[in-house]
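*Asks:* One-letter residues, chain by chain:
Number of protein chains: 2
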Amino acid sequence: MLTKSTIKFIKSLQEKKYRKQEQCFVVEGAKSVEEVLQSDFGVEMLVASPEFVQSVESWRSNIQIFEAKPTEMAGLGDFQSNDAALAVVRMKPKTEPVVSPNSFTLLLDDIRDPGNLGTIIRTADWYGIQTIIASEETVDFYSPKVINSTKGSFIRIHFSNADLSQVLQKQTALPVYGAFLDGEDVHTIQFPKGGLLVIGNESKGISPTVEKFVTNRVTIPRYGKAESLNAAIATAILLDNIKR
Amino acid sequence: MLTKSTIKFIKSLQEKKYRKQEQCFVVEGAKSVEEVLQSDFGVEMLVASPEFVQSVESWRSNIQIFEAKPTEMAGLGDFQSNDAALAVVRMKPKTEPVVSPNSFTLLLDDIRDPGNLGTIIRTADWYGIQTIIASEETVDFYSPKVINSTKGSFIRIHFSNADLSQVLQKQTALPVYGAFLDGEDVHTIQFPKGGLLVIGNESKGISPTVEKFVTNRVTIPRYGKAESLNAAIATAILLDNIKR
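Residue numbers (our numbering), protein chains in the order written: chain S, 3 to 246; chain E, 3 to 246.
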């Protein structure tokens, strides 16, 4: 049975302060919980329906397991309804990001919307991106809305926070792509195998300090009248053009 | 000054029931309000900072204008903070959607997330799409979250709701594209000038009744491991490949 203090603990992980203190975060929904149980993330606690618990108990005995009714699970996490499973997962220790010269690395310059960050991670995973480095101001990777909108892709992406200027200072051998209004048409560029792609903030775009490091200014051609594209949408279109 | 009953009226427009009853919806933020004032939408009421009111008063005298402080405007709409402007706008009368044979028309088969719908409208506007037809189950076009995430593009798109099967039954001359896992690679297809593009529901994809009308099954190639793409992301990538 879920005690009041366990409920309080799980709910506290909605807030960044407590996630940092506990070094834990929440994963919701049967599919993502299944995936995280099979990953190399450490799962501390599982709250799930009897059916779900039965399906995993045999191969995971080192975690705290609570059977719960849908009514008990409602309100524990960010989902409006979740009748199957919720896991409390341990954050991985921070490691230095590795920028490979043979693939593309995504650099996020101050993405603020959790839905955008989650969708960028999911899209990057679709396009085979392995490393994402985000500015310190970027919304918390472990926020429930970010984790939920990655649809499980948070497991496969190597994500880290860093000062982007410092990262870029070290990468002088690789081309650095960034989207601007005055760049080269992405439909006609021949992209190399490896490089860095910078995605700017939702309203301000790429910051001046990061812009200095951009070697290749690119533009997504516009055929209509919208003034701009959403940051996650722009990321997807750039990755599709880079990979094709 | 804003009276209690005006505040109540504006707040009621957060709900679909009252929007339908009043045939009005809310537009928030200086930029979108400016755009809607310059459009052919009828603006009923403007709540704005004295500076904003001064900038528009001279050329719009047939609307109710209220000057308000940021504290008064907070909580009126969906924005967490909005210190500039909010408008109550009249819905346009419903008209039959026109499917042009010389351009692409977007068909939305049950898009449920307001952020996705808004982003799809904004992206469609970027790619010069003029007409979007959505199934009756699709989230309400006039919902504040939809309107806000279009970033003003709701003004330029001809949007209507209809039974998609009935629309498709009449369009036998045009190719109907839909994304499936077993389709032709969008990177190698030569798209025509005109056609219909169907976007399916976030979790279920294109429904069987609509799938019957799809003449061209297409696939966005995957280079990594994510299981699927977000509906708005898929729309963007398809449109970029159609238009290039």
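No lab work stands behind these hints, which were simulated from the structure alone. Any given hint might turn out to be false.
For chains that are exact copies, the list does not tell them apart, and a pair is met inside one copy or across any two.
[Claimed, not checked] EDC-like, lysine to aspartate or glutamate: derived pairs with alpha carbons at most 20 Å apart:
hint : residue 1 : residue 2
1    : K172      : E24
2    : K71       : E213
3    : K13       : D184
4    : K33       : E229
5    : K227      : D42
6    : K147      : E204
*Asks:* One pair to classify: K33 and E229, alpha carbons no more than 20 Å apart. Within, between, both, or neither?
*Replies:* between (37 Å within a copy, 11 Å between copies)
*Asks:* Which holds for K172 with E24 at a C-alpha limit of 20 Å: within a copy, between copies, both or neither?
*Replies:* neither (33 Å within a copy, 59 Å between copies)
*Asks:* Classify it for me, K227 with D42: is the Cα-Cα distance of at most 20 Å met within a copy, between copies, both or neither?
*Replies:* between (46 Å within a copy, 16 Å between copies)
*Asks:* Is it within, between, both or neither when you check K147 against E204 at 20 Å Cα-Cα?
*Replies:* both (17 Å within a copy, 16 Å between copies)
*Asks:* How would you label the pair K13, D184 (within, between, both, or neither) given a Cα cut-off of 20 Å?
*Replies:* neither (46 Å within a copy, 42 Å between copies)
*Asks:* At most 20 Å between C-alpha atoms: does K71 with E213 qualify within a copy, between copies, both, or neither?
*Replies:* neither (51 Å within a copy, 37 Å between copies)
When held up to the earlier numbered hints, the structure conflicts with 1, 2 and 3 and fits the remainder.
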